[in-house]
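*Asks:* Got chain Y sorted already, so can you dock chains V and G onto it with the hints?
Protein chains in written order, with full-length UniProt numbering: chain Y, 1 to 206; chain V, 1 to 206; chain G, 1 to 206.
No lab work stands behind these hints, which were simulated from the structure alone. Among the hints, erroneous ones may be present.
Restricting the straight-line Cα-Cα distance to at most 30 angstroms, the calculated cross-link-like pairs of lysine-lysine (DSBU-like) are [unchecked claim]: (1) K194/G / K111/Y; (2) K194/Y / K29/G; (3) K29/Y / K111/G; (4) K174/V / K29/Y; (5) K63/G / K174/Y; (6) K63/Y / K174/V; (7) K63/Y / K63/G; (8) K29/G / K29/V; (9) K174/G / K63/V; (10) K111/Y / K111/V; (11) K63/Y / K63/V; (12) K63/Y / K111/V; (13) K63/V / K63/G; (14) K63/V / K111/V; (15) K111/V / K111/G; (16) K111/Y / K174/G; (17) K63/V / K29/G; (18) K29/Y / K63/V; (19) K29/V / K174/G.
Now the in silico label distances, taken between C-beta atoms and shown as ranges [stated by the list, open to error]: (20) S3/G / D175/V: 46 to 56 angstroms; (21) D64/V / T4/G: 33 to 43 angstroms; (22) W195/G / Q116/Y: 30 to 40 angstroms; (23) S69/Y / T170/G: 47 to 57 angstroms.
For every residue, glycine included, the Cβ atom is placed at its ideal position computed from N, Cα and C.
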Amino acid sequence: MESTLLYFIDLFGTAVFAISGVLLAGRLKMDPFGVIVLASVTAIGGGTIRDMALGATPVFWVKDTLYISIILITCLLTIIVVRRPKRLAWWVLPVCDAIGLAVFVGIGVDKALQHQSSPMIAVIMGVITGCGGGIIRDVLAREIPMILRSEIYATACIVGGVIQTIALETDMNKDSALLAGILSTLIIRLGAIKWHLSLPTFALHR
Amino acid sequence: MESTLLYFIDLFGTAVFAISGVLLAGRLKMDPFGVIVLASVTAIGGGTIRDMALGATPVFWVKDTLYISIILITCLLTIIVVRRPKRLAWWVLPVCDAIGLAVFVGIGVDKALQHQSSPMIAVIMGVITGCGGGIIRDVLAREIPMILRSEIYATACIVGGVIQTIALETDMNKDSALLAGILSTLIIRLGAIKWHLSLPTFALHR
Amino acid sequence: MESTLLYFIDLFGTAVFAISGVLLAGRLKMDPFGVIVLASVTAIGGGTIRDMALGATPVFWVKDTLYISIILITCLLTIIVVRRPKRLAWWVLPVCDAIGLAVFVGIGVDKALQHQSSPMIAVIMGVITGCGGGIIRDVLAREIPMILRSEIYATACIVGGVIQTIALETDMNKDSALLAGILSTLIIRLGAIKWHLSLPTFALHR
Numbered sequence: 001m002e003s004t005l006l007y008f009i010d011l012f013g014t015a016v017f018a019i020s021g022v023l024l025a026g027r028l029k030m031d032p033f034g035v036i037v038l039a040s041v042t043a044i045g046g047g048t049i050r051d052m053a054l055g056a057t058p059v060f061w062v063k064d065t066l067y068i069s070i071i072l073i074t075c076l077l078t079i080i081v082v083r084r085p086k087r088l089a090w091w092v093l094p095v096c097d098a099i100g101l102a103v104f105v106g107i108g109v110d111k112a113l114q115h116q117s118s119p120m121i122a123v124i125m126g127v128i129t130g131c132g133g134g135i136i137r138d139v140l141a142r143e144i145p146m147i148l149r150s151e152i153y154a155t156a157c158i159v160g161g162v163i164q165t166i167a168l169e170t171d172m173n174k175d176s177a178l179l180a181g182i183l184s185t186l187i188i189r190l191g192a193i194k195w196h197l198s199l200p201t202f203a204l205h206r
Numbered sequence: 001m002e003s004t005l006l007y008f009i010d011l012f013g014t015a016v017f018a019i020s021g022v023l024l025a026g027r028l029k030m031d032p033f034g035v036i037v038l039a040s041v042t043a044i045g046g047g048t049i050r051d052m053a054l055g056a057t058p059v060f061w062v063k064d065t066l067y068i069s070i071i072l073i074t075c076l077l078t079i080i081v082v083r084r085p086k087r088l089a090w091w092v093l094p095v096c097d098a099i100g101l102a103v104f105v106g107i108g109v110d111k112a113l114q115h116q117s118s119p120m121i122a123v124i125m126g127v128i129t130g131c132g133g134g135i136i137r138d139v140l141a142r143e144i145p146m147i148l149r150s151e152i153y154a155t156a157c158i159v160g161g162v163i164q165t166i167a168l169e170t171d172m173n174k175d176s177a178l179l180a181g182i183l184s185t186l187i188i189r190l191g192a193i194k195w196h197l198s199l200p201t202f203a204l205h206r
Numbered sequence: 001m002e003s004t005l006l007y008f009i010d011l012f013g014t015a016v017f018a019i020s021g022v023l024l025a026g027r028l029k030m031d032p033f034g035v036i037v038l039a040s041v042t043a044i045g046g047g048t049i050r051d052m053a054l055g056a057t058p059v060f061w062v063k064d065t066l067y068i069s070i071i072l073i074t075c076l077l078t079i080i081v082v083r084r085p086k087r088l089a090w091w092v093l094p095v096c097d098a099i100g101l102a103v104f105v106g107i108g109v110d111k112a113l114q115h116q117s118s119p120m121i122a123v124i125m126g127v128i129t130g131c132g133g134g135i136i137r138d139v140l141a142r143e144i145p146m147i148l149r150s151e152i153y154a155t156a157c158i159v160g161g162v163i164q165t166i167a168l169e170t171d172m173n174k175d176s177a178l179l180a181g182i183l184s185t186l187i188i189r190l191g192a193i194k195w196h197l198s199l200p201t202f203a204l205h206r
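Next up, chain Y with everything else stripped away, as it sits in the complex:
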């Protein structure tokens, strides 16, 4: 995969994740600053934890300010668009989110391996990159993070990350492995959205 394309999709994922933060902020009646904070933590929270844990500092959005610019523009546009009655089809946001998620995981795995992490740690860093932001968003909004509860969301990330690292171990070239991982995450996630798949929960009665 050409790295320019990957970078473009990464920015696309940043924008989509920011939108999900803006929408939650709107439901909680936050002021413009609250909107920006919730959009930002959703979009860059996962990658920030990953970079801090790897010691890859300054973190990515300090090095490349385009991420923050994208978030600010997204906030502005979302507020304007959402106030107008014209609606998006229900599946547009989840599908965009799935694309963003898949790319975030692939990039997280890739970055961890660049920092000499073991394959297992690379998968974990992929999951953190993909899911960390949404978890912080929900904590700030005082909700038990959705991701921890009932959907095949993180599971898609884990499978994608595992496939990417296995592909690398079997001497596939880096770009093909990345593509295989991203597509796996994306397909599983889209399937889960379409057929409302979820894992059985572990319920414990006191």
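*Replies:* For chains V and G alone, coordinates are given in the frame of chain Y:
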């Protein structure tokens, strides 16, 4: 501005932010350790995230233990004073908080620029330094962070940070720019307290 | 103390802390991924914050993947065992938790001192290592962290950490000091469990 004076005001801000943590802990009936934790995260949480994101580690309070000492002494004194009936005027705490906030933002911007951040990132680091601690405090206390909702709080930080970075870009000397930024944040915040100013919120109905 | 033994007890503590995360996840009816996340943050959250604040990156579980493996195995075993009716005596988990806590604190103090922290910071890092994971676990589960409220939990960590650093200052050798600290934390915590000791809370009425 003489750097000794700045350091003194920074410690003053640390104490004031710690007090706001102690008071919240008191309302939640926490034990002494909970009081110290809530005071500490409020006072040094923002700067800690800033330093971690910049890779300026060990973080500032590990390098200079006076911050922690100030927090511990503040906890002790606040508990003693608050238990006595003698009351402070209502405006004392908000005004002290505004002074602390303004200095924290200025220091955050300054530190980010020292670490070769771009102006936009410097403003963000200023806001994180000023607002991060209060957000963590509210998360631990299981409240939706006040800062995200309805007051000109973060906005004051953003304006102050922008003025400070613009002043530096226009070749103002570092101390004057810092002072201009701090005073801007302070004046806006004091105005917001006096006239109960707030930004319109972004409300989204499902 | 032989360092192999210490490492073994550290892994034991990791497993015990993971169990407490799994049990909370079960009460919240989380899916398998939620179980793993809650187990992981409980077991390695405190040490992760410590390493990030010290700048000891990549953090410990990135360098040594055995911690993550232990957590995954613990999740699996706990889910299987808990679903069976056979019950543990009430004191088994708290006592194991106390052992884990005591070792975590000792290791945290030790690691901070290795990174040239002052004694006060070392004690704080010990407390963060011991208590940080439980606090993050409770935040994710949307509870006000227990540790901040009503039990001699953090206090045991503080006393243990102080004894360890004082022992080192008085030229006791490193292993004896570590052992003295760990035993102090453990004894105080076991006493608090047995006699339901708690500190007076700081209650503030509006």
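*Asks:* Tell me the hint numbers this structure goes against, listed in increasing order.
*Replies:* Hints 1, 3, 4, 16, 17, 18, 19, 22 not satisfied by this model.
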